[in-house]
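With the hints as constraints, model all of the structure from the sequences given.
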Amino acid sequence: MKPAEVNQKFSILQHKLATQFDNEKPDIKVILFLIGVQELGQGPKKFSKRQKEELMHIANCRLFSELGFYELEGTDQDGWPHWKILKPIPAYNILEQEMLMKTLIVNYFEDVYS
664 MKPAEVNQKF
674 SILQHKLATQ
684 FDNEKPDIKV
694 ILFLIGVQEL
704 GQGPKKFSKR
714 QKEELMHIAN
724 CRLFSELGFY
734 ELEGTDQDGW
744 PHWKILKPIP
754 AYNILEQEML
764 MKTLIVNYFE
774 DVYS
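Numbering-wise, this note's numbering comes out as the position in the sequence shown, counting from 1, plus 663.
No lab work stands behind these hints, which were simulated from the structure alone. These figures come from a predicted structure and were not determined experimentally. Hints are not guaranteed to be accurate.
Once the Cα atoms are required to be at most 30 angstroms apart in a straight line, the calculated DSSO-like pairs of lysine-lysine come out as [said to hold, decoys possible]:
id	residue 1	residue 2
1	715	750
2	672	708
3	709	679
4	688	708
5	692	709
6	665	708
7	712	665
8	712	747
9	708	692
Here it is in structure tokens:
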């Protein structure tokens, strides 16, 4: 996808999520949290600050697994997924990071919710 298309689709996704949750447009961090909750599969509940960070990590691993950087190893006794890094993620500049994250997020929602 070209950057303009990614930005357009990401903006549409933000609007859909804001409408669905009756809230303001979520930024990338909030969307990563939502993906983490979805991937955990335990439904919405109260999470500690540490758990919220872990949920965002789960989301990052899930998204980057599509590019071959991570592989799901399994889950622990509490049902939390654990990922194995397969290769290091290249150092991207901030604009490249943002565009890559938006692309991965858009693809995730298209794959999971289409």
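Now the hints, each set against the structure:
1. Under the criterion of a C-alpha separation no larger than 30 angstroms, the hint pairing residue 715 with residue 750 is consistent with the structure, at around 25 angstroms.
2. About 28 angstroms separates the Cα atoms of residue 672 and residue 708, which keeps this hinted pair within 30 angstroms; it holds.
3. Distance hint between residue 709 and residue 679 is fulfilled; the C-alpha atoms sit about 23 angstroms from each other, no more than 30 angstroms.
4. For a cut-off of 30 angstroms, the pair hint linking residue 688 to residue 708 stands: about 21 angstroms separates their Cα positions.
5. Pair hint residue 692 plus residue 709 holds up; C-alpha atoms about 17 angstroms apart against a cutoff of 30 angstroms.
6. About 37 angstroms separates the Cα atoms of residue 665 and residue 708, which puts this hinted pair outside 30 angstroms; it is violated.
7. Restraint check for residue 712 and residue 665: not satisfied, since their Cα atoms lie roughly 35 angstroms apart, outside the 30 angstroms limit.
8. Using a Cα cut-off of 30 angstroms, the hinted pair residue 712 and residue 747 holds, with the two alpha carbons roughly 23 angstroms apart.
9. For a cut-off of 30 angstroms, the pair hint linking residue 708 to residue 692 stands: about 18 angstroms separates their Cα positions.
Consistency note: the structure conflicts with the earlier hints numbered 6, 7.
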